[in-house]
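J.: Here is what each chain is made of, one letter per residue.
There are 4 protein chains.
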Amino acid sequence: MVLNIVHPEVDAVLICSPTNAHADQICAAAAAGKAIFCEKPVDLTLAKVRQTLSLVEDAGVPLMLAFNQRMDPSFSAVKSAIEQGRIGTLRSIHIISRDPAPPPISYIKSSGGMFLDMSIHDFDMARHLAGAAPIEVYARGANHIDPAIGAAGDIDSAYIMISFENGVTAMIENSRQAAYGYDQRLEAFGSEGMVRAENPLKTTTVLSNAEGIHGDRQLDFFIDRYTESYLREMRAFVDALKLGQPMPITGQDGLEAMYIALAAMSSHQERRPVLLSEC
Amino acid sequence: MVLNIVHPEVDAVLICSPTNAHADQICAAAAAGKAIFCEKPVDLTLAKVRQTLSLVEDAGVPLMLAFNQRMDPSFSAVKSAIEQGRIGTLRSIHIISRDPAPPPISYIKSSGGMFLDMSIHDFDMARHLAGAAPIEVYARGANHIDPAIGAAGDIDSAYIMISFENGVTAMIENSRQAAYGYDQRLEAFGSEGMVRAENPLKTTTVLSNAEGIHGDRQLDFFIDRYTESYLREMRAFVDALKLGQPMPITGQDGLEAMYIALAAMSSHQERRPVLLSEC
Amino acid sequence: MVLNIVHPEVDAVLICSPTNAHADQICAAAAAGKAIFCEKPVDLTLAKVRQTLSLVEDAGVPLMLAFNQRMDPSFSAVKSAIEQGRIGTLRSIHIISRDPAPPPISYIKSSGGMFLDMSIHDFDMARHLAGAAPIEVYARGANHIDPAIGAAGDIDSAYIMISFENGVTAMIENSRQAAYGYDQRLEAFGSEGMVRAENPLKTTTVLSNAEGIHGDRQLDFFIDRYTESYLREMRAFVDALKLGQPMPITGQDGLEAMYIALAAMSSHQERRPVLLSEC
Amino acid sequence: MVLNIVHPEVDAVLICSPTNAHADQICAAAAAGKAIFCEKPVDLTLAKVRQTLSLVEDAGVPLMLAFNQRMDPSFSAVKSAIEQGRIGTLRSIHIISRDPAPPPISYIKSSGGMFLDMSIHDFDMARHLAGAAPIEVYARGANHIDPAIGAAGDIDSAYIMISFENGVTAMIENSRQAAYGYDQRLEAFGSEGMVRAENPLKTTTVLSNAEGIHGDRQLDFFIDRYTESYLREMRAFVDALKLGQPMPITGQDGLEAMYIALAAMSSHQERRPVLLSEC
Numbered sequence: 040m041v042l043n044i045v046h047p048e049v050d051a052v053l054i055c056s057p058t059n060a061h062a063d064q065i066c067a068a069a070a071a072g073k074a075i076f077c078e079k080p081v082d083l084t085l086a087k088v089r090q091t092l093s094l095v096e097d098a099g100v101p102l103m104l105a106f107n108q109r110m111d112p113s114f115s116a117v118k119s120a121i122e123q124g125r126i127g128t129l130r131s132i133h134i135i136s137r138d139p140a141p142p143p144i145s146y147i148k149s150s151g152g153m154f155l156d157m158s159i160h161d162f163d164m165a166r167h168l169a170g171a172a173p174i175e176v177y178a179r180g181a182n183h184i185d186p187a188i189g190a191a192g193d194i195d196s197a198y199i200m201i202s203f204e205n206g207v208t209a210m211i212e213n214s215r216q217a218a219y220g221y222d223q224r225l226e227a228f229g230s231e232g233m234v235r236a237e238n239p240l241k242t243t244t245v246l247s248n249a250e251g252i253h254g255d256r257q258l259d260f261f262i263d264r265y266t267e268s269y270l271r272e273m274r275a276f277v278d279a280l281k282l283g284q285p286m287p288i289t290g291q292d293g294l295e296a297m298y299i300a301l302a303a304m305s306s307h308q309e310r311r312p313v314l315l316s317e318c
Numbered sequence: 040m041v042l043n044i045v046h047p048e049v050d051a052v053l054i055c056s057p058t059n060a061h062a063d064q065i066c067a068a069a070a071a072g073k074a075i076f077c078e079k080p081v082d083l084t085l086a087k088v089r090q091t092l093s094l095v096e097d098a099g100v101p102l103m104l105a106f107n108q109r110m111d112p113s114f115s116a117v118k119s120a121i122e123q124g125r126i127g128t129l130r131s132i133h134i135i136s137r138d139p140a141p142p143p144i145s146y147i148k149s150s151g152g153m154f155l156d157m158s159i160h161d162f163d164m165a166r167h168l169a170g171a172a173p174i175e176v177y178a179r180g181a182n183h184i185d186p187a188i189g190a191a192g193d194i195d196s197a198y199i200m201i202s203f204e205n206g207v208t209a210m211i212e213n214s215r216q217a218a219y220g221y222d223q224r225l226e227a228f229g230s231e232g233m234v235r236a237e238n239p240l241k242t243t244t245v246l247s248n249a250e251g252i253h254g255d256r257q258l259d260f261f262i263d264r265y266t267e268s269y270l271r272e273m274r275a276f277v278d279a280l281k282l283g284q285p286m287p288i289t290g291q292d293g294l295e296a297m298y299i300a301l302a303a304m305s306s307h308q309e310r311r312p313v314l315l316s317e318c
Numbered sequence: 040m041v042l043n044i045v046h047p048e049v050d051a052v053l054i055c056s057p058t059n060a061h062a063d064q065i066c067a068a069a070a071a072g073k074a075i076f077c078e079k080p081v082d083l084t085l086a087k088v089r090q091t092l093s094l095v096e097d098a099g100v101p102l103m104l105a106f107n108q109r110m111d112p113s114f115s116a117v118k119s120a121i122e123q124g125r126i127g128t129l130r131s132i133h134i135i136s137r138d139p140a141p142p143p144i145s146y147i148k149s150s151g152g153m154f155l156d157m158s159i160h161d162f163d164m165a166r167h168l169a170g171a172a173p174i175e176v177y178a179r180g181a182n183h184i185d186p187a188i189g190a191a192g193d194i195d196s197a198y199i200m201i202s203f204e205n206g207v208t209a210m211i212e213n214s215r216q217a218a219y220g221y222d223q224r225l226e227a228f229g230s231e232g233m234v235r236a237e238n239p240l241k242t243t244t245v246l247s248n249a250e251g252i253h254g255d256r257q258l259d260f261f262i263d264r265y266t267e268s269y270l271r272e273m274r275a276f277v278d279a280l281k282l283g284q285p286m287p288i289t290g291q292d293g294l295e296a297m298y299i300a301l302a303a304m305s306s307h308q309e310r311r312p313v314l315l316s317e318c
Numbered sequence: 040m041v042l043n044i045v046h047p048e049v050d051a052v053l054i055c056s057p058t059n060a061h062a063d064q065i066c067a068a069a070a071a072g073k074a075i076f077c078e079k080p081v082d083l084t085l086a087k088v089r090q091t092l093s094l095v096e097d098a099g100v101p102l103m104l105a106f107n108q109r110m111d112p113s114f115s116a117v118k119s120a121i122e123q124g125r126i127g128t129l130r131s132i133h134i135i136s137r138d139p140a141p142p143p144i145s146y147i148k149s150s151g152g153m154f155l156d157m158s159i160h161d162f163d164m165a166r167h168l169a170g171a172a173p174i175e176v177y178a179r180g181a182n183h184i185d186p187a188i189g190a191a192g193d194i195d196s197a198y199i200m201i202s203f204e205n206g207v208t209a210m211i212e213n214s215r216q217a218a219y220g221y222d223q224r225l226e227a228f229g230s231e232g233m234v235r236a237e238n239p240l241k242t243t244t245v246l247s248n249a250e251g252i253h254g255d256r257q258l259d260f261f262i263d264r265y266t267e268s269y270l271r272e273m274r275a276f277v278d279a280l281k282l283g284q285p286m287p288i289t290g291q292d293g294l295e296a297m298y299i300a301l302a303a304m305s306s307h308q309e310r311r312p313v314l315l316s317e318c
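Chains as they are written, first to last, in this note's numbering: chain A, 40 to 318; chain B, 40 to 318; chain C, 40 to 318; chain D, 40 to 318.
There's no promise every hint is true.
Unchecked claim - Subject to a maximum C-alpha distance of 25 Å in a straight line, what follows is the list of computed DSS-like cross-link-like pairs (lysine-lysine):
1. A:K118 x C:K241
2. B:K281 x B:K73
3. A:K73 x A:K281
4. A:K73 x A:K87
5. B:K73 x B:K87
6. B:K148 x B:K87
7. B:K79 x B:K118
8. B:K241 x D:K118
9. C:K118 x A:K241
10. D:K73 x D:K281
11. C:K79 x C:K281
12. D:K148 x D:K79
13. A:K241 x C:K241
14. D:K241 x B:K241
15. B:K118 x D:K241
16. C:K87 x C:K148
17. C:K87 x C:K73
18. D:K118 x D:K79
Unchecked claim - Listed next, with one range per pair, are the computed distances between beta-carbon atoms:
19. B:A249 x C:S145: 50 to 58 Å
20. A:L314 x D:A172: 26 to 34 Å
21. B:A51 x C:G127: 55 to 63 Å
22. B:A171 x D:P142: 46 to 54 Å
For the record, the hints were derived by calculation from the structure and aren't laboratory data. Cβ coordinates follow ideal geometry from the N, Cα and C atoms, glycine included.
With the hints as constraints, model all of the structure from the sequences given.
T.: Below, the structure is given as structure tokens:
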């Protein structure tokens, strides 16, 4: 299948394969001179990511890395509010991201670990919202959900504090399980206000009875929750290609988020705040 | 007790007695030249209300009628939004007012009927929000709750449509019982927007679980729901007295709301829209 | 185009043409023995609707009439709550349906009037939720928005009260224009509780600043608001066909809603409550 | 004034004086054998707190320390939900506490610093909700608001992560200023659900217009926000006295919260997680 991409009518390649195939497929597409859209991450090892991005750069082809959550209408409205100065000078960011249920242990084992696999979305989001480089990370992991996850050498719950160059602090919680559904929330606090994105619910129906008021469940998982963001990221990729504009999310963005994940891993293991400059 | 009001140190009389004592007490207070604050209604018969108000006018004493709901912070914010033009030209009003549980049958029997006893608050509110004279009323009553209420010659549910001189239409529902607590809501719709007052809840606590989200109950009844409005109406009465300003709610307001109630009664009995000019 | 429907591989015909083509296309499809899905209404004249439905019945083909709003996830959750007894015995229904902006005058002129064109969705919904036959309608129309609508012989605002056989009362407001977007709300009140469907917003983002809290706009119009209901009604049609089950919404449903609309027109013109038995 | 407390008709002493008077007044009341209610903190120095509490213990008089926020109806509903097992096994706690505006610099100077003065409420709340002893604290302070606060040697923003013995993690943000009003929110996440307490607003009024929906401001400050909690804590004190039951919040609770504050101060200064066992 990779061979077909050399066809002259192919302008761009969309890589949505398992992570361990990404780097090779990116290289093949770059070698064929094609624009590339790739699901995160480029790879789980820093060396291979750097090598792949360097090769893409040499090939001079555009590469968009799919941090789809940036394109979520509610989350991008938070970003816009910050950019438009509606909350003044940004001071802090809160992100809560909880999956409804943990993936199979087999997935956990080849995931690169919770920070690289799951938290990385929030690391990218925190960088994106902060609009500055991260300086220091303090991270704590825990095992609350399934002992098999711990036995596989991973954590299932993460608590992270990131300090950015511009004085912004991000506080992030991740959990591999939430009994009430997929929980994806953002908050940005600044000198003039605060802006939040709450979880959309399945319906707007509310029942009032003798016990109180009762609303519907949250959306089940990323397929429902981020439908619109997937459409928007594809549109953004195609638009950037057509207009010859820079990609909205780049391989470098993937690399930067990866540095935060690696710092978080070190912090968790060494129980101390870790400077990004150590990575 | 009425005798004491002639004391020169008494500036004003607050009448919070049962309805059938109101007219006499108002007359006594007026005769003594005292300012008067009286719970609604002045009386259940039109003739006595007119006679009492005429006597008050002759005595030249200020009279405030306690339609306390006008002073509720949320409801008065609705009125302010209308007055400030924030919804443009007013087109329609919706009021839902449901008690948690019906009063005793003994109370029902001497209440003057649901329209005069309960709906009258909403008739006053509709007039207040519409800012115009009512022209026509169409009302339907029903018995959904307790057959004893029907046996006592009253209804326990009411559905009312009022047309005002300025083209505004009000739709009102009243119920003597709501399993989920005291339900008091307003909505005003205009050419530029809509403004609503929702029910406050006992706490802001929300539980999310596998069934959905769950908030607290509404406040139980008028004592909790309208605490602030009672304080504000007393402050408004005293302020008006001190500053020599007109009373914010007058006996005439009581009379006008009573006309709507009487039109609603006729409409319900005769199953036809009734003009206020018929009353 | 109609001719092609006789092709043996055609199982069903979807009629989404202008209203004045519906009856003929239904007849052609019925004559060809095809299952029929048709946008509401069958026709604007009672005689032609009856004649068409009779012909469909004789042909023995299934016909689904597209009152899509019944399939809206939030509205069907309201219906489910009623059916499951979660609000006890139903007492009343409130429906507010306001379009963002009026259609062109040319559309108004051939629409059959606001009751038949717009309110009919709510008449169907009221019937659907009430689960009983309507007995009486009282309706008031008004012109608040564009004098050209009045000049075209139509109203742009409607206020309707419907009494059902089982004692349920429905209060409905319609407006051809709402400055804040497409407003589509339902409320059902019963002996044990109340269930409401509120308007979904474009995003869940909320800004808090010195003026208060600020949420996003409502969805713009039916294309956004009812996307899911259109998918669901098509699925329901296909499922019913495959399983040989009765259509979830029938031509008879269209006829019943039409009777309410005609009663509402008479009520508005004659300024009196109109019995369905008069139609 | 202190002298009067020996009067035999005095059963209890309420100490609501400036912090630097607390210890002496507690000692005087204890010496007089009176029950004591004291605003937090007992003192700003650990030695004096220990000494005072020891003296109270020797005197055998009850002492209630006024962490009033525990008595807030919404916050105590969060605690109840945890205790009743409604969210299963507790995993994490989030607290955001932001004042509307910083106190005067003179107050800052004698406050003991932000951790001891402001965050201490949240340290107590985190302990209260976690239901376990804290083990480790990681805290970062920042100066975002007023350089004069930094010049006075204090911070105006704090970000804190606390690990508890039972595996629970608390993430806390404090700010001395929020443009949108007093922001006091809690969230507790567990294996079966999540429970949150949101900010009450001044009214329930919501305006919908072309820009979106607009709600009222949050309550201004602790006097409005915690009115009910002050009433409840006084009732709880009197009830405990009358019934001879243990005080619901004790001097020991004050001491434990103080240890967290001291650990936070060390953590912030030394830029490392600090064990409670180091204090």
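J.: Hints first: check each against the structure and report whether it holds.
T.: The hints, checked one at a time:
Our distance criterion of 25 Å between C-alpha atoms is met by K118 of chain A and K241 of chain C, whose separation comes to about 16 Å. As the CA atoms of K281 of chain B and K73 of chain B are separated by approximately 13 Å, the hinted pair is consistent with the 25 Å bound. With a C-alpha separation of about 13 Å, the suggested pairing of K73 of chain A with K281 of chain A holds against the 25 Å cut-off. Between K73 of chain A and K87 of chain A, the direct Cα distance comes to roughly 20 Å. Compliance with the 25 Å bound is thereby established for this hinted pair.
Distance check on the hinted pair: K73 of chain B and K87 of chain B sit about 20 Å apart at the alpha-carbon level, within 25 Å; holds. With a CA separation close to 19 Å, the supplied pair K148 of chain B and K87 of chain B stays within the 25 Å bound. Proposed proximity of K79 of chain B and K118 of chain B is supported: the alpha carbons are some 21 Å apart, at most 25 Å. About 16 Å separates the Cα atoms of K241 of chain B and K118 of chain D, which keeps this hinted pair within 25 Å; it holds.
Distance hint between K118 of chain C and K241 of chain A is fulfilled; the C-alpha atoms sit about 16 Å from each other, no more than 25 Å. At most 25 Å may separate the alpha-carbon atoms for a hinted pair to count; K73 of chain D and K281 of chain D meet this at roughly 13 Å. The suggested pairing of K79 of chain C with K281 of chain C holds, with an alpha-carbon distance near 23 Å, which does not exceed 25 Å. The suggested pairing of K148 of chain D with K79 of chain D holds, with an alpha-carbon distance near 17 Å, which does not exceed 25 Å.
For the suggested pair K241 of chain A and K241 of chain C, the alpha carbons sit about 14 Å apart, so the restraint of at most 25 Å is met. For the hint linking K241 of chain D to K241 of chain B, the alpha-carbon distance of about 14 Å falls within 25 Å, and the restraint holds. Simply put, K118 of chain B and K241 of chain D have alpha-carbon atoms about 16 Å apart, close enough for the 25 Å limit, and the pair holds. With a C-alpha separation of about 19 Å, the suggested pair K87 of chain C and K148 of chain C falls inside the 25 Å cut-off, and the hint holds.
The hinted pair formed by K87 of chain C and K73 of chain C meets the criterion: a straight-line CA distance of about 20 Å does not exceed 25 Å. Note on K118 of chain D and K79 of chain D: the hinted pairing holds, with a Cα-Cα distance of about 21 Å set against a maximum of 25 Å. Our hint of 50 to 58 Å for A249 of chain B and S145 of chain C holds, since their Cβ atoms are close to 52 Å apart. The supplied range of 26 to 34 Å is met by L314 of chain A and A172 of chain D, whose beta-carbon atoms lie about 31 Å from each other.
Range check, A51 of chain B to G127 of chain C: Cβ separation about 47 Å, and the 55 to 63 Å hint is violated. For A171 of chain B paired with P142 of chain D, a C-beta distance near 50 Å keeps the hint of 46 to 54 Å intact.
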